[in-house]
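For chain A, the structure is supplied; the task is to place chain B on it using the hints.
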Amino acid sequence: MLEILLDATVRAGTPILFATLGAIINERAGIINLGIEGLMLIGALSGFAATFSSGSLLLGVVSAFVAAFIAGSIHALITVQLRGNQIVSGLALTMFGIGVTALFGRGVVGQTIDGFERHAVPLLSQLPVVGKAFFNQNGLIYFSFLLVAFIWFFFYHTRWGLNLRTIGENPAAADACGIAVNRYRFLAVACGSGLVGIGGAYLSLASTPMWIENMTAGRGWIAVALVIFASWSSVRALFGAYLFGGITAMQLRFQAMGTTVSAHVLQMLPYVFTIVVLVISTIRLQKGASQQPENLGLPYDREDRK
Amino acid sequence: MSLQFRVEKREQGSALFRTLATSASVLGALFVAGFLLLSAGVNPAAAYMEILREALGSTYGISETLVKATPLIITGLAVSVAFRMQIWNIGAEGQIYMGACGATWVALFSGLEAPLILPAMFAAAFVAGGLWASVAGLLRARWQVNEVIVTLLMNYIAILLADYLIYGPWKNPDGYNFPLTAQFSDAARLSEYFNTRLHSGFFLALFCALAVYLLMERTIWGYQIKAIGSNQAAARYAGMKTGLAIFLVLTLSGAIAGVAGFSEVAGLQHRLQHGLSPGYGYTAIIIAWLARRSALGVIIVSLLMGILLVGGDSLQLSWQLPVAFAYAFQGLILFFLLASDFFINFRLRRVKEDADA
Chain A
0 MLEILLDATV RAGTPILFAT LGAIINERAG IINLGIEGLM LIGALSGFAA TFSSGSLLLG
60 VVSAFVAAFI AGSIHALITV QLRGNQIVSG LALTMFGIGV TALFGRGVVG QTIDGFERHA
120 VPLLSQLPVV GKAFFNQNGL IYFSFLLVAF IWFFFYHTRW GLNLRTIGEN PAAADACGIA
180 VNRYRFLAVA CGSGLVGIGG AYLSLASTPM WIENMTAGRG WIAVALVIFA SWSSVRALFG
240 AYLFGGITAM QLRFQAMGTT VSAHVLQMLP YVFTIVVLVI STIRLQKGAS QQPENLGLPY
300 DREDRK
Chain B
0 MSLQFRVEKR EQGSALFRTL ATSASVLGAL FVAGFLLLSA GVNPAAAYME ILREALGSTY
60 GISETLVKAT PLIITGLAVS VAFRMQIWNI GAEGQIYMGA CGATWVALFS GLEAPLILPA
120 MFAAAFVAGG LWASVAGLLR ARWQVNEVIV TLLMNYIAIL LADYLIYGPW KNPDGYNFPL
180 TAQFSDAARL SEYFNTRLHS GFFLALFCAL AVYLLMERTI WGYQIKAIGS NQAAARYAGM
240 KTGLAIFLVL TLSGAIAGVA GFSEVAGLQH RLQHGLSPGY GYTAIIIAWL ARRSALGVII
300 VSLLMGILLV GGDSLQLSWQ LPVAFAYAFQ GLILFFLLAS DFFINFRLRR VKEDADA
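Line by line, the protein sequences give chains A and B. Quick note on numbering that gives the first Met the number 0: the first sequence kicks off at 0 and runs consecutively. Quick note on numbering that gives the first Met the number 0: the second sequence kicks off at 0 and runs consecutively.
A few of these clues could be false.
[To be verified] Covered stretches of chain A (in silico footprint by chain B; criterion: 3 or more residues with CB under 8 Å from a CB of chain B, positions within the stretch not fixed):
1. 86-92
2. 217-230
3. 271-284
[Unchecked claim] Residues from chain A that face chain B, not an exhaustive set, calculated with beta carbons under 7 Å:
4. 81
5. 97
6. 261
Treat the hints as calculated values from the structure; they're not laboratory data. These numbers come from a predicted model, not from an experiment. Where is the CB? At the ideal position from N, CA and C, for every residue including glycine.
Bound conformation, chain A alone (with noise of 0.2 Å):
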């Protein structure tokens, strides 16, 4: 019982991990990005269409990246070169993402194709309880891991993290280090941005294999609440996802054991639950020292340096 929850718990967060990472390298530039479900639905299509089309797997998930890199980047090009205003154009990234896939999505509805299977890693699938949940799992799944890994890396042990978390501190003193901070901001919402059409893929490859309209049925926002929950480290986003994950498979749980509490009352349990956990992070992020990126939502301004 348990390790069918948990299993589950690895499957419905992962979507999410990718999407709050992608986010979490957003931000960490100091660029808010509101368009994260536009940018998953953008992923899901792209990517189940290729797959579709060709075959591979492999393909797909590179599509979704690559779609979601360019759609992300007319966010980059609109707050960081333009010095927009983040919220609006992520809002407009959201719709435009939700109207496009839903025009071009016509073409796929109703197809299916071979997704995502599990592989068991051998000795550690063999793990009590914990085992078969994250280690017999498919090929995606791991390569999030990787991933985590890889971003705290990235920020806490290389060059470039430093510099990108400076500029989203204070971009007047990165630039005057010498730091591009135009091209950084500019590359991170664009990578940030293709990280979460790969967490959109996740669901058109590996859940359901298959493409429907606004499939994402708000996991984006979701993500948006947790990269605040995960106080913008990619090990803390593995445990908002999973946590999120959690509550989702113990909802699905419940509605399959046919409980008289009504289905659409259990839905609510997962947005409910966000917005509480957006809540206590956001009191507790007050209290202690705040790990939030100090220019987070401010366009940068040469001349306005003091």
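Coordinates of chain B only, in the frame set by chain A:
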């Protein structure tokens, strides 16, 4: 020799320049959306002509445009009131649903009669929408919790709550198990005009616009809202209670959006059903942004969006275009608008290469 440009700030452009920039944004969005349509196998010129013909080419079309504009005006006003204070109410969609639930409860279960029932429905919708948004208002005012995320997530909860009611306790017992409530009595319906679906909710929307205009421009509260919006720290030093104001403004914003829910169920649908709003609350965000904070602007932009929605419905039938395509178009308008803001606020000055060194 390569071209080099330097970005310079400038004083805000003239009103004419700003209007031109806004119009150019809409044209730019139409142009790019045309390419999207083309690649989806739809002739954009034919599609745009059809939108205009359907929405403006007949009395019925015009009445439908006004019908669609009604909830857009009300929610656009709701969002713009919060915008004035730099508060983002992305939850108008959910507040419409809660307002509709409040009005429906009064219509079906309160037992009120003719002269009282409509005002009571209005009040219930106002209160329900306001209470729903006040959660985000309280969290933002008391603990600085991000209101964008809270109001947005509450949309999903509100829609599920409405679904719970119409699939469960409020389902019409004589409705052959369809997920609908019973129809409202005649006393609980707004009057309709000219044998069309145009209902007095439209005039209610215009009245709301007047009320919001008077509130913002002619009262001390409106002045405070604008003062806090332009500089929160300064407003606090001037003795304004910014936390309380944030809470009240988000609540008011939600209450106004709730009125749109009342207008939709009492004027148009005469019952509560799934898909009550096809995203009016999200379109409202663009309307508020496009209208650049003016109540009259909200009415004009809402009418334009009404044309788009009526035309979009017809494209759905004739070209099998998804309804959600309107979102792509709205997103494009916002992108272009943000880009045009750059050219309003900055100028590009060509510089010689050696001058830079």
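(request) Verify the coverage statement for the region 271-284 of chain A against chain B, using a C-beta to C-beta distance below 8 Å and requiring 3 or more qualifying residues. (result) Per the Cβ count (7), the hint holds.
(request) Go through the hint on residue 97/A and say holds or violated, using the shortest Cβ distance to chain B against 7 Å. (result) holds (5 Å)
(message) Tell me if the interface restraint on residue 81/A is satisfied: Cβ within less than 7 Å of some Cβ in chain B.
(response) holds (4 Å)
(message) Taking 8 Å as the Cβ threshold, is the statement that the region 86-92 of chain A is covered by chain B upheld or broken by the three-residue rule?
(response) holds (count 6)
(request) Count the residues of the region 217-230 of chain A whose CB lies closer than 8 Å to any CB of chain B, then report whether that count reaches three. (result) holds (count 6)
(request) May I ask you to test the interface hint for residue 261/A with respect to chain B, counting a Cβ-Cβ separation under 7 Å as satisfied? (result) holds (5 Å)
Consistency note: the structure conflicts with none of the earlier hints.
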